[in-house]
Amino acid sequence: MNPQILTALIAVPLTGGGLAMLLGRKSPDAARWVSLVAALLTVVLAASLWFGFQETLPAAQGPVLEQRISWIPRYGIEFHLALDGLNLLFVVLTACLGTVAVLISWREVTRAVGAHYLCIMATVAGIMGVFLAYDLFLFYFFWELMLVPMYFLIGVWGHERRVAAAIKFTIFTMVSGLLLLVAILALYYAHGSATGNYTMDYTRLLGTQIGLSTARWLFLGFVAAFAVKLPLFPLHTWLPDAHTEAPTAGSILLAGLLLKTGGYGLIRFAVPLFPDAAASLAAPLAALGVVGIIYGAILAYSQSDLKRMVAYSSVSHMGFVMLAVAAWQLTALQGAVMQMLAHGVATGAMFAIAGMIQERLHTRDFSELGGLWSKVPKLSAFALLFVLASVGLPGLGNFVGEFLVLLGSFPVTPLLVAGGVLGIVLGTIAMLALMQRAFYGPSRNADAIADLSPREILALGILAVAAFALGLLPQPFLRAAEPSLAGVVSQNIPFNPADPEIDVDVQRTAGVNSAGAFPQLQPDGHDEAVPPAEPVPSAGFPLDLTDEKAATATGRSTDSADVAGAPSQAGNEEGES
Amino acid sequence: MTLSLMVMPPLISAALLAVAGGRMGRRAIAVLACAAVALSFMAAVWTSAPLIATTYESMSSLAALEFLPQLSMTMEGVPYLQEDLYTWIGVGSLRVNMGFHFDAVAALMVLVVTGIGLLIHLYAAGYMADDPDYGRFFCYMNLFVAAMLILVLADNLVLLYLGWEGVGACSYLLIGFWYREPANGAAARKAFVVTRVGDAALALGLFILARDLGTLWIDEIAGSAARVWTVGDPTVTLVAALLLIGAAGKSAQLPLQVWLPDAMAGPTPVSALIHAATMVTAGVYLIARTHVIFLMAPAVMAAVAIVGTLTAFLAGCAALAQKDIKRVLAYSTISQIGYMFAALGVGAFTAALFHLMTHAFFKALLFLSAGTISHACHGETDLRRMGGLRHGRALPGTAALAAVGVGSLAGLPLITSGFYSKDAILWAALQPPYGHPVILAGLFVTAGLTALYAFRWYFMIFSGPPGPASKAEVHRPGALLLWPCVGLAAGALLAGFLETPGTLGGYHALGDFLNPVFSASAHSAGGEHAGFASAQAAHTAELVLQGSAAAMSLICVLLAYYFFVMRPAWFQRLQRGSAGSLIEALWRSGWGFDAVYEAVFVRPYMALAKLLRGEPIDDVVNAIAGTARVSSALLSVTQTGRLRTYAGALVLGILLLLTIWLWP
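These protein sequence lines map, in sequence, to chains A and B. To convert, note that position 149 of the first sequence is 149 in the working numbering; the numbers rise steadily by one, no gaps. To convert, note that position 369 of the second sequence is 369 in the working numbering; the numbers rise steadily by one, no gaps.
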């Protein structure tokens, strides 16, 4: 397949947005249609990638499609885009939600329509870039690029307190983004001075040897940026304001896509670049993730604003992603990816529904809502579907995500998983309260309002189909992400904890790989990365089954960093032997 | 394809009703919904036929019929049908299929679910005829049947969990079906959240199983649990305990029983189908399905028995003090499921399932009768305002049907199914190794209570002088309200003869059908399956037990007649006494669990939510912003725009720098 298609994924929405801006002055409708066409074109591109690589992906090691253009050769900076199973999923999600965002804001926005669509499409393009970039400088470029249009979306087309929310959002992301930049530069120089090869290329920077204390700081620099986006408790406070004040399309892009860049960044960059540092900080990060799950659910319950409530439920849902990243097990990471996709769909839909209600009733406050089912049954039925998806009902997408995250993290940190399960119960309380306050009960005002238009049914219908697809047929998505995730976790972790022999073996292999390098991701030749250490033959270790089992039972249950900390352990054992 | 044929019709019908229900006529909706369940029922009969045929010598010729599905056999010789649709979730070496497994236990369950489900659907078609949301109702009902079938047929615990949560969601939707009334919404949410607490425990149990056994396939769990764990291992005990909590949540057992009485807010057919016959027995089914785990954890087996007995007794007391026609039945359901749990806990899995089946018949019958009665009384649900409905032109047919129901519930000897299934449990409660006299005593006393509250209910409705609600002209039930009840009544009378004790013929049709499923795997787990009392058991002991149980129920029926028909005034005096009114208040509130939970969980949580509402974390952020704002204000004071000040500041600055520079 032509690698230009990757650039096209970024260029098409950007061009469409530019055209919309130009045409919007004369005819707002032209701006709408141009954006829709561009968005649909992006969907077609993404779909062609999805179907084109359906066969090759599960077996692929590393990217299946790459595009490199020399950009600033002096500093080793390239325009380097690459596609593998992991980011392909997010590319598809971005294309779909971009289309939904265009459809949703069709009637809502009447002021500066062209500029509005430019902002939407530029955000989409920036997000595409973030997902596809394999060069850290380029990644940072897109990372900041998606921020600017989003700032305008919130600040110009938002609700009552839009300016404050936009500024808060910008400061949070800017500051954390600068920490990311510093960390990228430090990594660049560390790698350059050690190898003589100054490069921003992701694949080459993998496996850079840095002292643990330095690596920890750099890791935190990456985590700062990603944790703000994710958002990780306690860095989440920009989110309720931004989500609530943003126009509907802005909320969908924020919740559906922008948050995912944080999770994606953690999985793609932060942990693989600094595996030892990540392992040493896994326990507190996992704990923060679980605190976020519970805290977000409680706060969601206590809100009186529909959008704020959904925003806090996002905080809760994204805590699962942090938990999975900290646990760093294949199953858990698969779950994290599913959780991000499903959350993008379900929460995107919830924000769309909130926008439709606001458009009709000019309020989001529960004290003025209630009894909507009798007036807008179709809208309410969709709301019910996505509420059930959000509470993790099996058969819908979120269940697969949450279930796999918890299942995969459980062997590593059972107590935190129990906390996550508690969070699901609390999340149920919150989401059912939402259903009750807005849709059930007696109707609060007598005015008749219109039920869904065909355009709205189309937008929500796409998301509903996606929610069912993710929940009932998750296998294509899981299979697509599997090789990339297995690559970053280690080579092939068999999930078979019942067999202590295999279990131990896995830990060792994982440890050796992450302590040394990622052989399967290393480009051939010219990089001086340390060669992978010899895998320790498991036969060399006398395995007392009962002892191992006892260790599994006791050691793991208390220390969440245990397995993630396997690198250092394995290293020690190696030294002793 | 055979097994998905069972699940698909109600699923497709639910989808159709969800999409097009608003545009369909009432008749079309009812026909579609009932036909879907009827199709399921026919598929269930069709797939069960070869299973039944292979069990009994006399029917073995049936098994050879070509149009019947072909069975497979396990190594222990247990017949089953397996159907794998596709890999649902496959990560690493964990494979979770959309796969169905059909054996004798599943057969019993699907026949109950679809058969009784069909009768209740027919009844509902009449009962809900005037409801504006007819389509939505049947959409939820069909969805429920599909989810329940998935729960029962699942070959792995994740798919079972899908059905488990699916029926929970349908229960939530149907309890809150009349959504305009906020109280219904509250009851619905309570049901969903309380059962979800149990589900959370169940999920944790699954995580441990997946971690230590590497599989969630029910058949593999049976085998590998015995390999990985020894009997009484703390891990397997923990797993069993977690599964028990899950089952207790769904089946409304202590301490998670509080949701079921409130769930009566839903339409009566819903109470009959979901909150009596099928969904609430899912916990019993879960324990029976995973009995291998429980047999490896004797402590938890004892806990199951104790929870069941205690629940049966406490709920029996509570049922005695209710004044709402449906709440009596709700507490009665809790109590009867307590019997099933007790049976599970003493290792009598088949007895538990036997009682599950008979209870499904007579309790569905009672609920549907209750629906007919309050329908007839213009929506009245207060027992104290009814009375005399048996007489004259009132409801003679319904009175007879309800009599069959309460008789079976009370376990009137020989003629009712409740007698046989309860008797099997009582007898099993004495059998080693899991039985215990205390369990037997608790269940025996509860049997008396049951007869008492059942006939109190009956007499308050049908005997005595007409109450305020039954004085006026009553609605006579139509055919759709009557005939399904006749079907259920037939079941409530006849189902008991499927399994009779050794003293009364010793006919073991159900035991022969179900036992192979349990004994094969129970043996491999090192546990023992008590089954039904073996033939060589002491006939005298059994006779004594039966005799006293029968006497107990008859005496309590007479007591009920004495208290509520002959001497109601005497009883009311007792009620008004200080001790009497205290006990009545306590029992009517279901032993005050709601108040305790309100104080311990609900209020603190609300307070916490209120406390955090303003987002304390944001205060820190705002403090930083505030600092910036204040310092900006302070510094902007210096921006006066006057040349004098600037010049002065300049000079001062230079002086300051010079001083610092020249300082020795």
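It should be emphasised that the hints constitute simulated quantities derived from the structure, not laboratory data. Hints may contain errors.
Said to hold, decoys possible - For lysine to aspartate or glutamate, the following EDC-like pairs were computed, each having C-alpha atoms within a straight-line distance of at most 16 Å:
#1 Lys471/B with Asp382/B
#2 Lys378/A with Asp305/A
#3 Lys323/B with Asp133/B
#4 Lys378/A with Asp365/A
#5 Lys375/A with Glu584/B
#6 Lys378/A with Asp133/B
#7 Lys323/B with Asp233/B
#8 Lys610/B with Asp29/A
#9 Lys375/A with Asp451/A
Consistency of the hints with the structure:
| no. | hint | result |
| --- | --- | --- |
| 1 | Lys471/B with Asp382/B | 14 Å, holds |
| 2 | Lys378/A with Asp305/A | 22 Å, violated |
| 3 | Lys323/B with Asp133/B | 29 Å, violated |
| 4 | Lys378/A with Asp365/A | 21 Å, violated |
| 5 | Lys375/A with Glu584/B | 43 Å, violated |
| 6 | Lys378/A with Asp133/B | 13 Å, holds |
| 7 | Lys323/B with Asp233/B | 47 Å, violated |
| 8 | Lys610/B with Asp29/A | 45 Å, violated |
| 9 | Lys375/A with Asp451/A | 7 Å, holds |
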